[in-house]
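Engineer: Spelled out from the first residue to the last, the chains are:
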Amino acid sequence: MPFGKMGASTPITTDAIWNLLKQIPDPEVPAINIVELGVVRDVIFSEDGSGVEVVMTPTYSGCPAMKVMEDDVKEKLSAEGLEVKIKIIYKPAWTTDWMSEETKAKLKAYGISPPPKLTFEHLHPLSTVKNAEVMCPFCDSINTTLTSQFGSTACKALHFCDSCHQPFELFKCH
Amino acid sequence: METNIALYKYCVRIADTSLILAQRMCEWCGHGPVLEEDIAMSNMGLDLIGQSRGFYSYAAKLEGKGRTEDDIAYFRNEREFLNRCLVEQPNTDFAYTMMRSFLHGCLAYLQFRTLVKSKDETIAGLSEKALKEMTYHVRHASEWIVRMGDGTDVSHEKVKEALGNLWQFTDELFEMDEVDQTLIKSGIACDLSLLRAEWDQMVNEVLAKAKLERPAAGGYQSKGGFNGTHTEHLGHLLSEMQYLPRAYPDAIW
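Those protein sequences? They're chains A and B, same order as listed. Here the first sequence is numbered in our numbering, starting from 3 and rising by one per residue. Here the second sequence is numbered in our numbering, starting from 312 and rising by one per residue.
In short, the hints are calculated from the structure, not lab data. Check the hints yourself; a few may be wrong.
[As the list claims (entries may be wrong)] In silico DMTMM-like links for lysine to aspartate or glutamate, alpha-carbon gap of 20 Å or less:
1. A:LYS93 x B:GLU432
2. A:LYS69 x B:GLU380
3. A:LYS24 x A:ASP50
4. A:LYS69 x A:GLU30
5. B:LYS372 x B:ASP461
6. A:LYS93 x B:ASP431
7. A:LYS89 x A:ASP17
8. A:LYS89 x A:GLU72
9. A:LYS89 x A:ASP142
10. A:LYS93 x A:GLU77
11. A:LYS24 x A:GLU104
12. A:LYS69 x B:GLU313
13. A:LYS108 x A:GLU30
14. A:LYS89 x B:ASP431
15. B:LYS376 x B:GLU391
16. A:LYS89 x B:ASP511
17. B:LYS471 x B:ASP511
18. A:LYS106 x A:GLU30
19. A:LYS76 x A:ASP44
20. A:LYS89 x B:GLU391
The model shown is predicted, which means the values in this text are computed figures rather than measured ones.
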């Protein structure tokens with residue numbers, strides 16, 4: 003059993019590490035944490051229990067928030083007296099399908115339309131299959147139009163609600 | 312050819328192509344025709360920079376000389392860059408930019424889709440992510456090409472001119488040499504000649520929708536970017552891109 007800064011009296015469990023990681027918000031979408039986002043894949047203790055390796059995977063190849071998330075993880079766990087190592091893996095590739103319904107509800111409450119399930123339409127660039135209906139996070143109308151596939155961050159697209167006349171962002175299906 | 316040497320060169324070719332196109336896309340930042348497109352082009356540039364970082368880091372590791380991804384990106388000269396010449400062509404106007412992204416993007420999409428099954432796990436992983444991104448890029452560019460081609464007389468002329476002038480860089484997208492042959496044998500690289508038919512199909516489909524005529528075969532075709540022979544535009548691009556780290560080699564960010 004690994005031990006933290008309080009010495010032998012407070013063994014740190016894997017669950018406790020996961021709970022600490024759940025306190026770190028996504029720097030660009032602070033309504034959800036990095037575990038809910040799906041970027042933390044595994045937590046592995048070193049054999050002597052003095053260190054922990056956090057396995058992470060990036061959302062988009064060039065996501066600038068990735069570095070911030072890595073630094074936040076290091077800071078959070080170092081404060082517990084642990085040696086922290088971050089390992090980046092690319093396979094399996096991050097997908098929005100890993101988000102739970104609860105996480106999606108948090109996104110909606112924050113004003114971001116949650117990602118629809120991955121479909122064929124998302125997998126072929128010239129597909130003519132109609133996009134899944136996008137719901138306005140403010141008035142729940144599906145009478146919405148795509149403004150741009152690219153939004154304020156790599157993971158979002160811009161939409162407009164034709165019912166309540168509000169622009170809104172969709173967390174892109176990925 | 313030794314597998315590791317081939318693999319290094321293979322990764323640098325992919326990374327250089329992504330990085331140079333990223334630099335071109337980011338040149339639009341603050342100059343886009345409308346705000347949404349300005350943001351879109353920087354977004355795509357960012358995806359491409361991310362893709363190049365992954366492949367540069369892997370190349371640096373394979374090389375084993377202690378260089379970093381930044382060393383490879385910023386401290387090589389024009390003749391050492393192994394990108395396809397198509398991506399170094401200037402932005403010119405929005406029609407050129409979209410046509411360049413489309414012609415390159417279709418191949419990148421097909422290439423990454425094949426590399427997802429590469430026997431090299433790092434390449435397979437990096438490709439899986441890049442594939443999803445290229446799907447969005449191709450969709451975006453193809454929609455604009457249809458809109459411009461089937462739009463006004465002016466937009467049609469502009470996108471037609473872009474197609475005519477960029478077409479000479481399309482055969483080069485499929486160029487291969489012993490680097491590819493070595494890695495194809497070991498199941499790591501993808502045989503680009505096998506992607507030609509599907510690339511043609513994708514291009515023909517979009518051009519038909521855009522009411523554009525595909526340029527006739529047999530015209531002049533540029534060659535050799537992937538071995539360091541470039542058009543006059545790359546040197547100027549590099550002098551801007553590499554200025555800061557060359558002027559201040561100890562700068563960190």
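Engineer: Quickly compare the C-alpha distance for LYS24 of chain A and ASP50 of chain A to 20 Å and report which way the hint goes.
Structural biologist: Answer violated: LYS24 of chain A to ASP50 of chain A is near 25 Å, above 20 Å.
Engineer: Holds or violated: are the alpha carbons of LYS471 of chain B and ASP511 of chain B at most 20 Å from each other?
Structural biologist: holds, 17 Å
Engineer: Has the given pair, LYS24 of chain A with GLU104 of chain A, been kept, meaning a C-alpha gap of at most 20 Å?
Structural biologist: holds, 14 Å
Engineer: Against the 20 Å threshold, does the CA-CA distance of LYS89 of chain A and ASP17 of chain A hold or violate the hint?
Structural biologist: Cα-Cα ~19 Å, so holds.
Engineer: Check the hint pairing LYS93 of chain A with GLU432 of chain B against an upper bound of 20 Å on the C-alpha distance.
Structural biologist: holds, 8 Å
Engineer: Verify the proposed pairing of LYS89 of chain A with GLU72 of chain A, using a straight-line Cα cut of 20 Å.
Structural biologist: holds, 10 Å
Engineer: Hinted pair, alpha-carbon criterion (20 Å max): LYS69 of chain A, GLU380 of chain B. Please report holds or violated.
Structural biologist: holds, 15 Å
Engineer: Taken at face value, is the distance from the CA of ASP511 of chain B to the CA of LYS89 of chain A at most 20 Å?
Structural biologist: violated, 40 Å
Engineer: Sort out whether GLU313 of chain B lies within 20 Å of LYS69 of chain A, counting only the CA atoms.
Structural biologist: Distance ~35 Å between LYS69 of chain A and GLU313 of chain B Cα, so the pair is violated.
Engineer: For LYS89 of chain A and ASP431 of chain B, compute the direct alpha-carbon distance and say whether it is at most 20 Å.
Structural biologist: holds, 18 Å
Engineer: Between LYS69 of chain A and GLU30 of chain A, is the straight-line Cα distance small enough, at 20 Å or below?
Structural biologist: holds, 12 Å
Engineer: Holds or violated: LYS89 of chain A and ASP142 of chain A, Cα atoms, limit 20 Å.
Structural biologist: It is violated: about 40 Å lies between the C-alpha atoms, which goes past 20 Å.
Hints 3, 5, 9, 10, 12, 16, 20 from the list above are not met by this structure, while the remaining hints are.
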